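Novice: Chain by chain, the residues:
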Amino acid sequence: MTATDDRVLEVLADANPHPRGGIPRASQDPRAQAMLAEILAQPVAEPPFRRRRHEGARIGIRVLAPVLSLAVVLAVTAVLLHAGSGRHSVASGGTADEVVLRLQPTPGVPRVTNAAVNEEIQILGARMKLLGSAPVRFSRAGDEIVVHSREIAASPLARSELTRDPQVTFTDWEQNVIAPDGRTVASLLLRGNRQAEIISQGHGGLGHGGLAGTADAGALPLYAAVRLASRQPARAAAVTQTRRGPESFAFAPAASLRCRASSTPCWLAGPSASPAAAASAARRAGAARPLVLTVPQGTTIVRASDPAAALRPDYPDPSARYYVMRDDAALTGLELRRVSASTDSAGQPDVGASLTAAGARAFQALTAEIARRGTSLRLAAAPVYQHFAIVIDGALATVPLLNYDEYPDGVVASSGIQIDGDFSQARATQLAALLRLRTLPLRATIVPG
Amino acid sequence: MDEKSRRGNFEKLFAEHYVDVRGYVLRRSGTEARSSVEDAVAETFLVAWRRLDDIGADPLPWLLGVARRVLANQRRGDQRRLALADRLRGTTPPHQVLELAPGLSDRLRAGLLALSPREREALLLVAWEGLSPDRAARATGCSAAAFRVRLHRARRHLAGHLETAGEQAGGARPSADWPTREETTR
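As given, the protein sequences belong to chains A and B, one line each in that order. When we follow the numbering used here, the leftmost residue of the first sequence carries the number 1, and every step to the right adds one. When we follow the numbering used here, the leftmost residue of the second sequence carries the number 1, and every step to the right adds one.
Just so you know, these hints were derived from the structure itself, not from any lab. Since the model is a prediction, treat every value here as computed from it, not as a measurement. Glycine is no exception: its CB is placed at the ideal position from the N, C-alpha and C atoms. Take these hints with a grain of salt, some might be off.
To be verified - Chain A is faced by these chain B residues, among others (derived, beta-carbon under 10 Å):
1. Glu11
2. Glu16
3. Leu26
4. Arg76
5. Arg155
In isolation and in its complexed conformation, chain A is listed as follows (with noise of 0.2 Å):
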């Protein structure tokens, strides 16, 4: 609801020619009084219709016709007005029938505009189309949008897809991974700093690329990732950031009794919007000490990549690992278009996209740069190829290497891009699936009913 449309109805509100308050009780008013009386006094049955018998027993054709096409139209009447009527059987977010949605802005997309909400029905037809359900009817009311579908309305999976919002970004991995020391990785690569290395080109060390964004490439556990996070500088607000503020989590000392098989804390609770929440939260959990660390606006912990394990932080397995990186995204899901998973030349999974205008010059420039950076690092050792990272729900899709040789300028994008990442079918696959939901340009919500 706009400021608009809140004050039409307080402006109506104030003109009410006869307030509640102004109109006395049924138990102070005689006459009232009067009227339950004489209502009481009423019998219930309504008077019976009377019927009227037709004289003539024959009912002609002329007669017929109009009398049947009248039942047919009462009948679809009937039939329309059942369906459409909305049984207020469901306990929240619109009817039997329907969900209501309502949308507010986010930080990419600072304003409700129609361009935005048109995205946002045709994000929201495509999940659902992917989830199986037939085509859905969408309605808009302002900053609302209404869903309707019977299937959608009774589908809990349904309906915490329409509100799901997978943050989709393209990042500069070495640009934006944070080394142990707590510097950028690309600042390190020059000086020949192991870690560095590591990071950028994997575990098998300069030259093997492929191999960087897993989880034995320099990744950490938790509460040494949040540690390292927490130390960073805030960052100042940015629209190419996924967060606001700052983001805190809650831990339970290392070999306490809520982390006996851990040699280091292990998570309780977050992320929370902050330290007394998170804190909070862990206590409910029953600890009765936790250590609470924040990570600020601008730093973000993601998962590192795992072909075996779902695209999303698992915080509580103590197997999981992760990196620090600065929050700073070169595009977003939103500015993907068709994506799908094929195979390359040599037969090798990929995934193909194409991408807007504004993402394809968002996607150049980002691949210049990294090449920029790739060229310059060869000048001064051997090959280190650099690369960029797509990030979904806070976990490295995948980190896939650019070649600067054959890219000295960047990838021209705008007919669409490939990426490969050593991936099997299923999981080309699922990757493909994931980008086409692409990032909600609105924040949607639920509006109970």
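Add chain B to chain A, keeping to what the hints say.
Specialist: Showing chain B alone in chain A's frame:
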């Protein structure tokens, strides 16, 4: 339901919603003639008494829906009587059966009357009767989705009407507390 519990349930319903139904009728009546208001309120509760078993867990939308139809019937009857009287006098009908209580500013009244009856009713159910959009949808007998669309359009149309009225009056705002166009697009 036995007779005693039926009476008890109705008395409770009447006590809880008399103010709401009377207020609704007063706000939607162009006249404050006591007899018309009394008749419409009594007729609404008489229908409720006869159909007590059909009323769901949330009776107010149902009651307001009945009151709306009762008032519509009253208006049709009034219009027929007035039209007949005018024909007998040989004059063009000067009368209009109003659907809004006196006491509104001319501009707001004009703005509300410029809306379609459905849009006006959607707006007033929310603004005057204080119903949520879902409850108001039940009062009007349409789906929640249709109601929300209708309500949104009504708000837009009324806001546009009030702005236009303000500009035609020399650029002044429709009322002292009406926001300027710049404020509304922020």
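Novice: Which hints, by number, does the structure contradict?
Specialist: The structure conflicts with hint 4 only, although it agrees with all the remaining ones.
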